[in-house]
Amino acid sequence: MTPMRTYREITGGDRSGLAAQVASQRARVAARLADVRHVVAIMSGKGGVGKSFVTAALATGSAKRLGGGIGVLDADLHGPTAAHLLGARGPVRVDAEGVEPAGGSGGIKVFSMELLLPDGAPLRWREPSGDGFVWRGALEAGALREFLADVAWGALDLLLVDLPPGTAPLRDLGELVPTLDGVVAVTIPSEESRRSVSRAIQVARGQAIKVLGLIENMSGYVCEGCGKPQTLFSGDAGTQLARQFRVPLLGRVPFAPEARPGVGDAILATDVIDRFREVLSG
Amino acid sequence: MKFLCLECDAQMEFDERQQPGDGTFAAAFVCPACGRRIAMLANPMETQLVDSLGVRIGGRTLDAEPFELVRSKVVGRDGAFVEQGEDIAGETAQHEGGGRPRWSEAAQDRLVKVPGFVRGMVKSIYSEYARERGIVEITPEIMDRARADLGLEGL
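Chains as they are written, first to last, in my numbering: chain A, 293 to 574; chain B, 398 to 552.
Source of the hints: derived by calculation from the structure; they are not laboratory data. Please note that a few of the clues may not be correct.
Covered, in the sense of this in silico footprint (three residues per stretch, anywhere, with C-beta under 8 angstroms from a C-beta of chain A), are these stretches of chain B [said to hold, decoys possible]:
id, segment
1, 410 to 423
2, 436 to 446
3, 463 to 475
Pulled from the structure, derived: some chain B residues nowhere near chain A, Cβ distances all over 12 angstroms [to be verified]:
id, residue
4, Gly432
5, Arg433
6, Trp500
7, Ser501
8, Ala503
9, Val509
10, Arg530
11, Val533
12, Thr536
13, Glu538
14, Ala543
15, Arg544
16, Asp546
Ranges between beta-carbon positions, derived for each pair [unchecked claim]:
id, chain 1, residue 1, chain 2, residue 2, range
17, B, Glu534, A, Leu358, 47 to 57 angstroms
18, B, Pro537, A, Gly498, 50 to 60 angstroms
19, A, Ser316, B, Asp475, 27 to 37 angstroms
20, A, Ala413, B, Cys405, 52 to 62 angstroms
21, B, Lys510, A, Ser526, 55 to 65 angstroms
Backbone N, C-alpha and C define an ideal beta-carbon position, used for all residues, glycine too.
Just chain A, with the same shape it has in the complex (with noise of 0.2 angstroms):
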């Protein structure tokens, strides 16, 4: 028999195409994002530290600044709170050309799967038993290139895009935005803190992602009694990492239990916004 021919010796072209079909996907990414000047991840590493409702605060800030062409994108699927946070609701429409983002406040355009799924239902997929390990992940990069693609946000000065914990989905979001301009890091002033967002910046610089600044959160809180500022958390992360890396300290959030992002300005301090603005411009 003729020795077996190997994959690079046949010559003619794989017949599915999939290399084409994800280079497509990836085109309609771009198209989809070339009409939105900035697009900047919200990413922490770590859970816990406030990093949706820096997420919802700085859009809201920003909109009342620009009035209007702010989006929001959930990207955290198992943990959806953008929608809540930022008043949207579904249901959304969807037609040949798109899925329109549900409105928010200040007219934030907002796209999360807390839009799709049950009240207070976990995010489950239609899948066969067992193995789920293998494709899941690849599941959930799809399903946030389908979010980047096929979400109609039209026109935006800026779309916010607010990432799970971890880092392997700001790798897909690198890959899938060439032109990402950036991600802001929070931080809340603890060690464990410092250590989990020093690996993710790391991360993000290792895929050339610009650190455009830190935002430390949960930054004390003010004494009711005695009107003092107070420690919430030991240490002093958000110095720190601005240090280390050298970036922009773009602000500290106080701990605010009453607080809620559609009064942006009452979260983040007015020359927060600023401050992400101008790290923004350049």
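Using the hints, position chain B against chain A.
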């Protein structure tokens, strides 16, 4: 992925794709030299892996529908999406002429069996298929023909 007919040392060509609806997948390839056909049979896990990449073995004949992956794979709530021609409550609007096909009762009965989360997308695929071919009424037979023509077995 390429298939090679070892007898002829020729690259086999994609012939047809089938998804019988049980979570599995089959693709047939044919040797252009000797006509030998082979089938690639994938189990549910392998089928899911391919689906999760958003690609089609054998290539695509139509562009992917918006949220094709999300709508087919996420266990979402009924009424999450409102299709063109539906009001916000999800009720189908009345179409008077305008080239839009009507649905026979039998076809509607079949459509009802499609999970609500993806029903609108499935419906739009059949509607578009019928509209492009000047078909005025969608029947179960038209749905079968569309599935075969568009490679939508399983829908």
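Hints versus structure:
Remark: the segment 410 to 423 of chain B is confirmed as covered by chain A, as 3 of its residues place a Cβ nearer than 8 angstroms to a Cβ of that chain, reaching the required three. With 6 residues bearing a CB less than 8 angstroms from a CB of chain A, the segment 436 to 446 of chain B meets the requirement of three and the coverage assertion stands. For the segment 463 to 475 of chain B, the assignment as covered by chain A holds, since 11 residues bring a beta-carbon within under 8 angstroms of that chain's beta-carbons and 3 suffice. Distance to chain A confirms Gly432 of chain B as a non-interface residue, since its nearest Cβ pair spans about 16 angstroms, more than 12 angstroms.
No beta-carbon of chain A is positioned within 12 angstroms of the beta-carbon of Arg433 of chain B; the least distance is around 15 angstroms. Look at Trp500 of chain B: its CB is around 18 angstroms from the nearest CB on chain A, clear of 12 angstroms, so calling it non-interface holds up. At the 12 angstroms boundary, the C-beta of Ser501 of chain B stays outside the reach of chain A, the nearest C-beta of that chain being 24 angstroms off. The claim that Ala503 of chain B is not at the interface with chain A holds, since no C-beta of that chain comes within 12 angstroms of its own (minimum 26 angstroms).
Chain A leaves Val509 of chain B outside its interface by the beta-carbon criterion, the shortest separation being 18 angstroms against a cut-off of 12 angstroms. With a least beta-carbon separation of about 17 angstroms from chain A, Arg530 of chain B lies farther than 12 angstroms from that chain, consistent with its non-interface assignment. A cut-off of 12 angstroms between C-beta atoms confirms that Val533 of chain B is not in contact with chain A; the least separation is 21 angstroms. No beta-carbon of chain A comes within 12 angstroms of the beta-carbon of Thr536 of chain B; the shortest separation is about 23 angstroms.
The non-interface label for Glu538 of chain B is consistent with chain A: the shortest C-beta to C-beta separation is roughly 25 angstroms, beyond 12 angstroms. At roughly 16 angstroms, the least C-beta separation between Ala543 of chain B and chain A is larger than 12 angstroms, which holds for a residue marked as non-interface. With a cut of 12 angstroms on Cβ distances, Arg544 of chain B stays outside the contact zone with chain A, its closest approach being about 19 angstroms. Non-interface call for Asp546 of chain B relative to chain A: holds, since the shortest CB-CB distance, roughly 19 angstroms, exceeds 12 angstroms.
The given range of 47 to 57 angstroms is respected by Glu534 of chain B and Leu358 of chain A, whose C-beta atoms sit roughly 50 angstroms from each other. Remark: the range hint 50 to 60 angstroms for Pro537 of chain B to Gly498 of chain A is upheld by a beta-carbon distance near 55 angstroms. A hinted range of 27 to 37 angstroms for the beta carbons of Ser316 of chain A and Asp475 of chain B is consistent with their spacing of about 31 angstroms. A hinted range of 52 to 62 angstroms holds for the C-beta pair Ala413 of chain A and Cys405 of chain B, which are about 54 angstroms apart.
For Lys510 of chain B and Ser526 of chain A, the hinted distance range of 55 to 65 angstroms is satisfied, since their beta carbons lie about 59 angstroms from each other.
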